[in-house]
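Sequence order for the protein chains is E and W.
FYI, in this note's numbering the residues of the first sequence are 834 to 911.
FYI, in this note's numbering the residues of the second sequence are 834 to 911.
To be clear, the hints were calculated from the coordinates, so they are not data collected in a lab.
Among the hints, erroneous ones may be present.
Lysine to aspartate or glutamate pairs mimicking EDC-like chemistry, simulated, CA-CA at most 20 Å apart [stated by the list, open to error]:
no., chain 1, residue 1, chain 2, residue 2
1, E, 853, E, 864
2, E, 853, E, 890
3, W, 853, E, 890
4, E, 859, E, 905
5, E, 853, W, 884
6, W, 853, W, 884
So the derived label-pair ranges between C-beta atoms look like this [unchecked claim]:
no., chain 1, residue 1, chain 2, residue 2, range
7, W, 890, E, 875, 13 to 23 Å
8, W, 876, E, 876, 36 to 46 Å
9, E, 908, W, 864, 37 to 47 Å
10, E, 876, W, 884, 38 to 48 Å
11, W, 861, E, 865, 19 to 29 Å
12, E, 879, W, 841, 21 to 31 Å
13, E, 850, W, 859, 23 to 33 Å
14, W, 858, E, 873, 17 to 27 Å
15, E, 874, W, 858, 20 to 30 Å
Every residue, glycine too, gets a C-beta built ideally from N, C-alpha and C.
Number of protein chains: 2
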Amino acid sequence: MPTKSAKNLRARRALGTAIKRMRGQKGLSQEALASACGLHRTYVGGIERGERNVSIDNIERISIALGCTVAELLTEER
Amino acid sequence: MPTKSAKNLRARRALGTAIKRMRGQKGLSQEALASACGLHRTYVGGIERGERNVSIDNIERISIALGCTVAELLTEER
Numbered sequence: 834m835p836t837k838s839a840k841n842l843r844a845r846r847a848l849g850t851a852i853k854r855m856r857g858q859k860g861l862s863q864e865a866l867a868s869a870c871g872l873h874r875t876y877v878g879g880i881e882r883g884e885r886n887v888s889i890d891n892i893e894r895i896s897i898a899l900g901c902t903v904a905e906l907l908t909e910e911r
Numbered sequence: 834m835p836t837k838s839a840k841n842l843r844a845r846r847a848l849g850t851a852i853k854r855m856r857g858q859k860g861l862s863q864e865a866l867a868s869a870c871g872l873h874r875t876y877v878g879g880i881e882r883g884e885r886n887v888s889i890d891n892i893e894r895i896s897i898a899l900g901c902t903v904a905e906l907l908t909e910e911r
């Protein structure tokens with residue numbers, strides 16, 4: 834059942850790439866972004882590398898800190 | 834710190850509404866959608882009501898089962 838396997842999932846990687854790119858555009862360090870959304874720097878690093886199965890609430894917190902929409906962080910996933 | 838409070842987060846509610854609407858358009862029951870993405874029916878119900886802080890992997894599984902993109906499930910959140 835390929836749709837149930839985590840191996841076939843790529844949204845979290847696309848999300849991480851988008852967050853890293855937007856953070857760079859804003860000139861924010863991982864630490865500054867993490868602080869702005871109440872998360873730990875190493876957790877934000879893990880999200881950017883696609884290692885974390887981040888929740889919708891934390892995706893929204895990051896989008897607010899980056900000044901973009903949740904959808905903008907997820908538009909490249911296919 | 835308003836951006837850190839769950840009270841100010843609305844993406845999960847918008848996500849639930851979008852999933853419910855798309856599921857209806859596909860003529861799928863909650864049970865059929867849940868089965869297609871390897872989740873439990875009551876969990877899908879909780880997601881649709883905005884009660885669950887669903888993860889990116891499960892959002893992607895649902896989007897695959899609904900035949901849409903993750904971004905399409907999250908475009909109404911602002």
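Status of each hint after checking the structure:
1. E:853 to E:864: holds (12 Å)
2. E:853 to E:890: Cα-Cα ~18 Å, so holds.
3. W:853 to E:890: Holds, at roughly 19 Å.
4. E:859 to E:905: holds (15 Å)
5. E:853 to W:884: violated (29 Å)
6. W:853 to W:884: Status holds; Cα separation ~13 Å.
7. W:890 to E:875: 13 to 23 Å: Between residue 890 (chain W) and residue 875 (chain E), where Cβ atoms are some 20 Å apart, the hint holds.
8. W:876 to E:876: 36 to 46 Å: violated (24 Å)
9. E:908 to W:864: 37 to 47 Å: violated (30 Å)
10. E:876 to W:884: 38 to 48 Å: At 24 Å between Cβs, range violated.
11. W:861 to E:865: 19 to 29 Å: violated (43 Å)
12. E:879 to W:841: 21 to 31 Å: At roughly 24 Å between Cβ atoms, residue 841 (chain W) and residue 879 (chain E) fall inside 21 to 31 Å, so the hint holds.
13. E:850 to W:859: 23 to 33 Å: holds (29 Å)
14. W:858 to E:873: 17 to 27 Å: Violated - the Cβ-Cβ distance for residue 858 (chain W) and residue 873 (chain E), about 39 Å, lies outside 17 to 27 Å.
15. E:874 to W:858: 20 to 30 Å: Violated, since residue 874 (chain E) and residue 858 (chain W) (Cβ atoms, about 41 Å apart) do not stay within the stated range.
Violated hints for the displayed structure, listed by number in ascending order: 5, 8, 9, 10, 11, 14 and 15.
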